[in-house]
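Put together the whole structure using the sequences plus the hints.
This is what each chain is made of:
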Amino acid sequence: MLNTLSNLFYRRPAILTLLLLGPPLAWIGIVYIGSLLALLLQSFYHLDDFSGTVIHEFTLATYAQLLDPANLTTILRTVAMAATVTVFSAIIAYPIAYFAARYARGRTKALFYLAVMMPLWSSYLVKVYAWKLILAKEGIISWVANTLHLGWLLDLLLSTPVIGGSSLSFSYMGTFLVFLYIWLPYMILPIQAALERVPKEYVEAAADLGASQQRTFRDIILPLSFPGVVAGSIFTFSLTLGDYIVPQIVGNSRPMIGQTVYTLQGTAGDIPLAAAFTVVPMVIMAFYLLGARKLGAFDAL
Amino acid sequence: MKAFQTATLALLAGAAFWSAASTALRAADMEGEVDIVAWPGYIERGESDKNYDWVTQFEKDTGCKVNVKTAATSDEMVTLMNQGGFDLVTASGDASLRLVAGKKVQPIDVSKIPNWSTVDKRLQDAPWHTVDGKHYGTPYQWGPNVLAYNSKVFPEAPKSWSVVFEEQNLPDGKSNKGRVQAYYGPIYIADAALYLMKKKPELGIKNPYELNKDQYAAALDLVTKQRALVGRYWGDANVQVDDFKNEGVVASSSWPFQVNLLEADKDVMAKTPIASTIPEEGATGWADTTMMHAEAKHPNCAYAWLNHSLEPKVQGDVAAWFGSVPAVPAACKGNELLTDSGCDTNGMGNFDKIWFWRTPIGKCEADGACVPYSQWAKDYLAVQGK
Chain P
1391 MLNTLSNLFY RRPAILTLLL LGPPLAWIGI VYIGSLLALL LQSFYHLDDF
1441 SGTVIHEFTL ATYAQLLDPA NLTTILRTVA MAATVTVFSA IIAYPIAYFA
1491 ARYARGRTKA LFYLAVMMPL WSSYLVKVYA WKLILAKEGI ISWVANTLHL
1541 GWLLDLLLST PVIGGSSLSF SYMGTFLVFL YIWLPYMILP IQAALERVPK
1591 EYVEAAADLG ASQQRTFRDI ILPLSFPGVV AGSIFTFSLT LGDYIVPQIV
1641 GNSRPMIGQT VYTLQGTAGD IPLAAAFTVV PMVIMAFYLL GARKLGAFDA
1691 L
Chain Y
13 MKAFQTATLA LLAGAAFWSA ASTALRAADM EGEVDIVAWP GYIERGESDK
63 NYDWVTQFEK DTGCKVNVKT AATSDEMVTL MNQGGFDLVT ASGDASLRLV
113 AGKKVQPIDV SKIPNWSTVD KRLQDAPWHT VDGKHYGTPY QWGPNVLAYN
163 SKVFPEAPKS WSVVFEEQNL PDGKSNKGRV QAYYGPIYIA DAALYLMKKK
213 PELGIKNPYE LNKDQYAAAL DLVTKQRALV GRYWGDANVQ VDDFKNEGVV
263 ASSSWPFQVN LLEADKDVMA KTPIASTIPE EGATGWADTT MMHAEAKHPN
313 CAYAWLNHSL EPKVQGDVAA WFGSVPAVPA ACKGNELLTD SGCDTNGMGN
363 FDKIWFWRTP IGKCEADGAC VPYSQWAKDY LAVQGK
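Protein chains in written order, with this note's numbering: chain P, 1391 to 1691; chain Y, 13 to 398.
Derived from the structure by calculation, the hints contain no laboratory data.
Errors might be hidden in some of the hints.
[Unchecked claim] Using 25 Å as the maximum straight-line C-alpha spacing, the simulated SDA-like pairs for lysine to any residue come out as follows:
(1) K225/Y to S1556/P
(2) K283/Y to A1451/P
(3) K186/Y to T1550/P
(4) K283/Y to R1467/P
(5) K164/Y to S1556/P
(6) K115/Y to V1444/P
(7) K186/Y to L1548/P
(8) K398/Y to R1467/P
(9) K398/Y to L1457/P
(10) K189/Y to S1549/P
(11) K398/Y to I1553/P
[As the list claims (entries may be wrong)] If you anchor each label on the Cβ, the simulated ranges turn out as follows:
(12) A240/Y to R1605/P: 17 to 27 Å
(13) L1523/P to D65/Y: 27 to 37 Å
(14) G58/Y to W1533/P: 35 to 45 Å
(15) G361/Y to G1424/P: 23 to 33 Å
(16) K212/Y to I1553/P: 27 to 37 Å
(17) W1533/P to E179/Y: 28 to 38 Å
(18) M1672/P to G247/Y: 25 to 35 Å
None of these values were measured; they are calculated from a predicted model.
All C-beta atoms in this analysis are idealised placements derived from N, C-alpha and C, irrespective of residue type, glycine included.
What follows is the structure in C-alpha cells.
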C-alpha cells in the first residue's frame, strides 16, 4: 500500500504537490477569501430602519449611506489621522534608521535593535494604557511642564482649535502621539533594511566625483532608500486606518472607521453598513498598494 | 457512563444540605453540565480572587459542571442565544424581551425553584421578564446609573442631571465644559429623555425608551449640545475610574462599581473625593434576568442553577464583586464580602426612581410610532463625531 503510494507520488509529482498545498490553500480560500466575500455580500444588503432587521435584497443604498455627512467625516478623519501619523513616523524614523544602518556597529547596533524591538514585546494594551497615564491632565507631561513653569505653553497648545482639548489624552494630539509611538518600529525597520542595501560603492563613487555629502544624500541615498519609506508607510498607514482601540482609550471620542464598524455591528446590529464601512479601508489600501508597487516598495520589504 | 453516575451520586450523598434545600429536583436526573452565557464577572469560580467563588460548591453538590461563555454586549448575548447550544443567559432588560419575542427562551416553572419566594417582590413580576403572566427567568442582579461627582467641587450633591447636560458654572466657579462625561452607548439618549421629562413637560415624554419623532429630536438635540461639554465619552469602567483620578472629570453618569473602586482608594479620596447620588429626575438602570433557552439540553441542571443563583450567599457575593444590588433582599444581611452597608451603597433604596434599560423598538404604545434602537445607535455615533 505504502509502496503503491510512493510510486504514485514519484510518477505523478503533481499529486503530491497538490496534497501538500491543498490544506493551506483551502484555508486561505475558505477562511480568508471566503469571509471577505461574505463581508462584501453583506454590504449589498440593507437594514430596514423600522423593524431593525436586515433585508436580504441587492441594493446600493447602504453604500449611499457612507456619503452621509457624519459617515464621510468619520472616513476623512481616519484617513487624515493615518496620513499624519505616516508622515511624522517617516520624519522621525529616517534619522534613526540612517544612524543604525550607516554608523552603528557591533554592540551599538545590537543595542539599537533591542531598543526598536523591545516595545513590540510588551502588550499593545499595556502600552496604550501607559500612554493614557503619561498624557493625562495630572500626568507626567503636565507635571513636568508645570514644574518648569511652562504650563502656559501646554495650555496654549491645548487651546489650538481642532487638535486641542481639555488635556493631551482627551485630544487628537494624544491619539496621534500614541499611534506614532505604537507604529514607529514598523517604519524604522524597513527604512533601515533599505538603507543597508544602498551599495557602498555608489557613495564612494559620488565622493570621488566630487559630490558634497548633502548632494550624495539627496541624489543617491534618499532615492535608493525611498522604497523603504514607502514600505514602512504601508504598515503605519494601514494599521492606523483600521485601529479601534487607541482612539477609544486616548482621544476625544470622535469615532474612527474601526470604532464605527465595532458599534454598527455590535450595538446597532447594522451589519450591512458595518460591512460597507470595512470595504472603505480595503479600497483605500488597494490604491495605496498599487501606488506603493510603482514606487518599488515591495522590493524593499 | 455508569461509573460517572456512581461518582456523581457519591458526591451527592455527601451533600445533605443540597438535597434538603431542593427536594423538587432529584439528583439522578442531573445531566452533568450546564452551559451559561453571562456578563464578565457574573459567574466566578475563584479564579480572579479565591474569596469570590459561587460555582465550585454548586458543581460538587449537583454534579453539574458549569460552562461559562462571557459576552460583552447585550447584542452578543442575543446572537449567542439565537445560535443555540446554551441553557441559560444573564440577559439585561435591553435583551430579555427580544429573546422572548424571538421565542429563544422558555417560561420557567417557579414551583421548581424553592428560592423563588425570597426574590424581591418588586422584581418578581417585572415587565422585562414577565410576559402574559409567565416568568421567563429569575432576576439576578440590578443597579442604577448614578451621577458620580467630585465632592470637593460639589459640597452638596447635585440635585439635577443638568450639571452634565447644560453648560453652567459649577459651585467652584469654573465652567463644566470639558469636566463632565457621558456614557458612550446609544442607550444614553434615554438619560437625556429622562432629564427632559422633568425639564420640558410639554414634550409629553412618558417613558424614556418610547420616544416619538419630536421627543426623540429633543433628546438628540440635548445630547448634541452636550457634546461640547464632554471631553471624552466613557465606555470602559476602569478607564472612567482613571478619568476621575487623573483627568479632572468632576461629574458624570456612572455605575456604583466605579464609585466603589474610587471610594476604596484612600489616595484618591484625599485628592479627588468622589461620591454619587440619584438626582431628582431619577435615573436609568439595568436589571438582569437569568433566562432559560427554549431548547435547553440540560434543563434539570439549569433549574438547579436558577435556584442556586438565588441563594442569599451567592447573591451577596455577586453584588460585592460586581457592585450591583441583589435580587434577594435576604442577601443584604450578614454577607462578609458585601458587608451590611453594601446594598445601600450599591443603590438598594433607589428602586422606584429607576427607569430600567429596555430596547427601544419601532412599535410602542404611546403616540404611534417610536424611533427604533438602530436609529439611536447611528445618531449617537454621529453626535460623538461632532
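Status of the hints after comparison with the structure:
1. For the proposed pair K225/Y and S1556/P, the alpha carbon gap of about 34 Å is over 25 Å, so the pair is violated.
2. With a C-alpha separation of about 53 Å, the suggested pairing of K283/Y with A1451/P is violated against the 25 Å cut-off.
3. Distance check on the hinted pair: K186/Y and T1550/P sit about 20 Å apart at the alpha-carbon level, within 25 Å; holds.
4. With a CA separation close to 37 Å, the supplied pair K283/Y and R1467/P exceeds the 25 Å bound.
5. The hinted pair formed by K164/Y and S1556/P meets the criterion: a straight-line CA distance of about 20 Å does not exceed 25 Å.
6. Between K115/Y and V1444/P the CA atoms are separated by roughly 19 Å; this keeps the pair inside 25 Å, and the hint holds.
7. Taking the CA atoms of K186/Y and L1548/P, the gap is near 18 Å; set against the 25 Å cutoff, the hint holds.
8. Of the supplied pair hints, the one linking K398/Y and R1467/P holds, its CA atoms being roughly 11 Å apart against a limit of 25 Å.
9. For the given pair, K398/Y sits about 16 Å from L1457/P by alpha-carbon distance, which is consistent with the 25 Å threshold.
10. Between K189/Y and S1549/P, the direct Cα distance comes to roughly 13 Å. Compliance with the 25 Å bound is thereby established for this hinted pair.
11. Using a Cα cut-off of 25 Å, the hinted pair K398/Y and I1553/P holds, with the two alpha carbons roughly 13 Å apart.
12. In this structure the hint that A240/Y and R1605/P lie 17 to 27 Å apart at CB is violated, the actual value being about 53 Å.
13. The hinted window of 27 to 37 Å between L1523/P and D65/Y holds, with their beta carbons roughly 32 Å apart.
14. For the hinted restraint 35 to 45 Å between G58/Y and W1533/P, the CB-CB distance of approximately 40 Å keeps it satisfied.
15. For the pair G361/Y and G1424/P, the supplied restraint of 23 to 33 Å is violated, since their beta-carbon distance comes to about 55 Å.
16. Against the hinted window of 27 to 37 Å, the Cβ-Cβ separation of K212/Y and I1553/P comes to about 36 Å, which satisfies the hint.
17. Between W1533/P and E179/Y the CB atoms are about 29 Å apart, so this pair conforms to the stated range of 28 to 38 Å.
18. For the hinted restraint 25 to 35 Å between M1672/P and G247/Y, the CB-CB distance of approximately 26 Å keeps it satisfied.
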